[in-house]
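Using the sequences plus the hints, can you model the full thing?
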Amino acid sequence: MLSRTADHLYWMARYIERAENMARVLDVTYNMSLVPNAAESEAALWVTALEISGNVDAYQRDYFKHEADEYTAAGVIHYLAMDSNNPSSIYNSLRSARENAHAVRVAMTSETWENINVLWLEFSQFIDQDLAKHGLREFCDWVKARSHLFRGVCFGTMLRDDAFSFVRLGTFIERADNTARLLDVKYHLLLPKQEEVGGAVDYYEWSAVLRSVSAFQAYQKIYSDTIEPWRVAELLVLRRDMPRSLHACFDEITLILEQLSGARQTECRRLAGELHAKLRFGKMRGIFQSGLHEFLDDFVKANNKLGVEVHKTFFSIATS
Amino acid sequence: MKNSTLSFFDEMQLNLADSGDVRDAASVREIYAAYNTWLKGVPHHQLDNKRQEAEMLFRRVGITFNVYGDDDGAERLIPFDVVPRILAAKEWSLLSAGAIQRVRALNMFLHDIYHTQEIIQAGIVPASILANSQYRPEMFGVDVPNQIYAHIAGIDLVRTSESQFYVLEDNLRTPSGVSYMLEDRKMMMRLFPELFRRYSIAPVDHYPQVLLKNLRAVAQDGVHEPTVVVLTPGAYNSAYFEHAFLAQQMGVELVEGPDLFVRNNAVYMRTTQGPQKVDVIYRRVDDDYLDPLVFNADSMLGVPGLLSVYRNGGVTLANAVGTGVADDKATYIHVPAMIKFYLGEAPLLENVPTYELSKADDLAYTLANLAELVVKEVQGSGGYGMLVGPAASKQELADFKLRIIANPANYIAQPTLALSTCPTLVEQGIAPRHVDLRPFVLSGKTVTLVPGALCRVAMKEGSLVVNSSQGGGTKDTWVLQENVVENREPSASSPAIIEEVAIC
Chain P
1 MLSRTADHLY WMARYIERAE NMARVLDVTY NMSLVPNAAE SEAALWVTAL EISGNVDAYQ
61 RDYFKHEADE YTAAGVIHYL AMDSNNPSSI YNSLRSAREN AHAVRVAMTS ETWENINVLW
121 LEFSQFIDQD LAKHGLREFC DWVKARSHLF RGVCFGTMLR DDAFSFVRLG TFIERADNTA
181 RLLDVKYHLL LPKQEEVGGA VDYYEWSAVL RSVSAFQAYQ KIYSDTIEPW RVAELLVLRR
241 DMPRSLHACF DEITLILEQL SGARQTECRR LAGELHAKLR FGKMRGIFQS GLHEFLDDFV
301 KANNKLGVEV HKTFFSIATS
Chain W
1001 MKNSTLSFFD EMQLNLADSG DVRDAASVRE IYAAYNTWLK GVPHHQLDNK RQEAEMLFRR
1061 VGITFNVYGD DDGAERLIPF DVVPRILAAK EWSLLSAGAI QRVRALNMFL HDIYHTQEII
1121 QAGIVPASIL ANSQYRPEMF GVDVPNQIYA HIAGIDLVRT SESQFYVLED NLRTPSGVSY
1181 MLEDRKMMMR LFPELFRRYS IAPVDHYPQV LLKNLRAVAQ DGVHEPTVVV LTPGAYNSAY
1241 FEHAFLAQQM GVELVEGPDL FVRNNAVYMR TTQGPQKVDV IYRRVDDDYL DPLVFNADSM
1301 LGVPGLLSVY RNGGVTLANA VGTGVADDKA TYIHVPAMIK FYLGEAPLLE NVPTYELSKA
1361 DDLAYTLANL AELVVKEVQG SGGYGMLVGP AASKQELADF KLRIIANPAN YIAQPTLALS
1421 TCPTLVEQGI APRHVDLRPF VLSGKTVTLV PGALCRVAMK EGSLVVNSSQ GGGTKDTWVL
1481 QENVVENREP SASSPAIIEE VAIC
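Chains as they are written, first to last, in this note's numbering: chain P, 1 to 320; chain W, 1001 to 1504.
Calculated directly from the structure, the hints in this document are not laboratory data.
Take these hints with a grain of salt, some might be off.
Each pair of labels, with its calculated beta carbon distance range [unchecked claim]: (1) W/Ser1133 with P/Glu267: 48 to 56 Å; (2) P/Ala74 with W/Asn1049: 54 to 62 Å; (3) P/Ala145 with W/Val1223: 42 to 50 Å; (4) P/Asp141 with W/Arg1190: 27 to 35 Å; (5) W/Glu1461 with P/Ala74: 46 to 54 Å.
To spell it out: a stretch of chain P is covered by chain W in this simulated footprint if at least three of its residues, at any positions, have a beta carbon under 8 Å from a beta carbon of chain W; those stretches are [to be verified]: (6) 99-106; (7) 114-123.
Only a predicted model underlies this, so the values are computations on that prediction, with no experimental measurement involved.
Ideal Cβ positions, reconstructed from N, Cα and C, are used throughout, including at glycine.
Right, here's the structure in full:
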């Protein structure tokens, strides 16, 4: 298939996934803000949402006009959901997803295209809404539902060819990045307090993290025990049966890259295999010994590098 | 603006002046009789609901059109009218034979003008045509497969009476609109299935298959399994939907200029598995933007080196480079003579009488009668830069006069045609609106026409400008397989009009 087509399909899927994850972060942060004493302050709570998406500096640049300015729920919600100047806002992610889809509508089934086109048409109803005041939950639910629908329509209608593989590849590379960032920020933030008490607030905070990746029920089912941070980490890093875990993402990614590479020995395939091996054969104890933060940080970097290699191998073909 | 001095032929009724309300008129043309009966039984609000439903569906699917220079106009819908234009089998056979004849002659003209130029030597077309900016000297002496230049041609037809059709213009560069012919039909079948049971309407859905067959047929010699692609300027082009639609329907890649590159006298596309050779390019990029090495050097839409490969026979372009010289309005005047010269036949379809303002007599006449005439730029298209005399204000007439005097050769003038009207759903109900008709003629090994056309309708009362860039809408065009009696059972023995074919 055309390199440009593959490129667009891959990014279409990445942007949809990015929007979904952003909605999850917003949703969970908002829920936390309803728990009394969950954070020291409104600012301390909402800045974590910016940290997860790596947006703290940009937010300060755009939103802090006076010295006394603080992180506010209203500001962060607008910035992450609707701000057209924030490249990773839900608005921009969905818009980019739709633009990528529009550029290659030929390469997908008409159901897939219509699904994304309708998503964008429906989005307009939220644009002028003050989400910090009302409707944030509904908005986040809508984004998640549209993302589920997108994956469903791809899965249910697309030919199992390279086009389908690039869509799936985009989904899982983006998801792995998002899960790793979320865990890194939350673990870093919550761990010191865990040593103090392990009381009710911690329960809410960790369950919120789990809920943000739809893992709360899975946790209960697997561990049937109190929520322990190291188990949360295990669930989101090493459990291959947990669909948003890093391991599960790389089960998919390695398989897809094998299919796409065929007989070719590609660097992206090697790199994915290397990361996959760490997740498949790694142990939580070892990861903690050398530091979870270091592990996740390395992972995000390697995953980025993988994206670059995918681009080199499939999207920018040398012509001479 | 309403023009009361002209009377118009209406496609549905013989005489509109008899009655204010179309649906009460007694003298409905026979082919519309069954439709009229049905229409009488449908309340206005129900039709309007259908129109809204169509709009919603078109928006969902993204069947949209961009108007240049209009910032908030990104992705607008072309108005779709739910009342069809109906043509009898007999009418269609004249139109299709005439359009095929015309395209055959135009292709022969293009071959001639880029080779021995016999028609100039015979004194039928003046040598000044070689100075036309649409004449591409780069094409001189270049042989193209099957000597076909205009693989896809849109012939714009208008009607002024029961028996009088005119060719308004030929579109031989990158004519668009066929996707609306196909999508309007799909929409009508969805909205009004009962009408399709009642009428025996010739199908048009196979157009993309015929197109693909033709494109494959014009691959260069020695190519056995030709790879066909559609070349689009990209997602922001006004006709992008159509490019995507045709590529999808034909099952071929939709490429942009940067997806292609030239190597060793061949064109390749960049794929995830490496370069893949391309044999036939159905290009929807204008000549000027095709190859920055030869034409517009700033073009980001084209492929550097494409023309050199093309001239050496390494790839087929459809349409060929340089077809613009044949659909230019200064050349249009000579088409009837071309038909006689190349085919030895009398033209089946007439030209509109045309004044060439490069001629002193024609110029004088035009300037004296500007208020009655339509004046067009010789190389204009899309309804831009034209004057409709009867609809223009005094100031507009005066302004246009100055433009003509400044450069008379840039214009032609024609009498304001009493374009036929067709009943159309508007806010107040059903009302007559002016229409034209663009059938698409496909040339490859054969010259083919599917029985249907883009019918454009001027949605504004009294307006004679049907172009979508000027707010025109579209209608489904029905070619009846026979003249139908109401409530007729579908009969298996009725002769099917699938396509008109002539060997070129």
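Hint numbers contradicted by this structure
Number 2 only.
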